[in-house]
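Engineer: Please model the complete structure; the sequences and the hints are all you need to start from.
Just so you know, the protein sequences line up as chains A and B, in that order. Every letter in the first sequence is one number past the one before it in the working numbering, and letter 111, counting from 1, is 111. Every letter in the second sequence is one number past the one before it in the working numbering, and letter 50, counting from 1, is 50.
Honestly, the hints are just simulated from the structure, not real lab data. These numbers were taken from a predicted model, which means no experiment stands behind them. Accuracy of the hints is not assured; some may be wrong.
Unchecked claim - Per the computed footprint, the stretches of chain A lying under chain B, defined by three or more beta-carbons under 8 Å from a beta-carbon of chain B, are:
hint, segment
1, 22 to 32
2, 45 to 57
3, 89 to 95
We put the CB at the ideal spot given by N, CA and C, even for glycine.
Listed below, chain by chain, are the residues.
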Amino acid sequence: MDRIPILRMGHFLLVTIQIDLYDRLATTLESDLVQMVFKTGAKGVLIDISALSIVDSFMGRILGNIGSMSKIMDSETVVVGMQPAVAITLIELGLELKGVHTALNVEKGMELLKEKIGSNGEELVEDDDGAE
Amino acid sequence: MMVLNKDTMRIEKEQDVVPLRNRVKEFAVRIGMGLVNQTKLITAASELVRNMLKYAGGGSVLIEAVSQGRDTGIRLTFADKGPGIKDVLLAMKDGYSSGKSLGIGLPGTKRLVNEFDIKSTVGEGTTVIILKWKNG
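Structural biologist: In structure tokens form, the structure reads like this:
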């Protein structure tokens, strides 16, 4: 079965969605990610959607779900790299990405995650590469 | 209105959604539709085809490149033989949904295209026709 790979980078989980997702792939990613947050105790999830040419209400809901579920498990979610045409379409469609933070690109997203975790007063112990 | 080119696709399972989106994109690119309008059209198609799968278990989509005067556009016809919609006006209201989706399906989709027409008969099925002009 196809799966979207989830990479672990220090305290964060990194997902790059490179193909247009059909529904089952998206729901599998949702449950895989929540499982990974649980297993690794990750403090942040970064999802790169720069390769997605469209985000419809289903995909929007999946992203929102991932954000809300991770939040309950004490992890922040940042969606990065949304294409301008996708952003325009999402807003016209009436879809707000609730529960997730957004950033322009992976670099800015990483900064945002680090900020979020820092401001929660969490200590970044065990200096893995990637975390400062 | 003149039809320049057309194709029909059967939709039976969720894996058919991505190929449909790709086919619609090919048609839109061929008439020179810009990226934002392409994205709106494909997103609208994606919403409608999902509805069709969810409520009717599938159906067919007719993709047409059309022209009227100097305008060219893409017209999509989604036809299913599902249970039909009891109250189309209600279904077109923002925030309404009979399923467990976000309830932005039909009205949201309508905002993405230039023309939107829906006909439904309970027990017979639903047909939705949308049109997006190249420069619309």
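Engineer: Go through the numbered hints given earlier and state which of them the structure violates, listing their numbers in rising order.
Structural biologist: none
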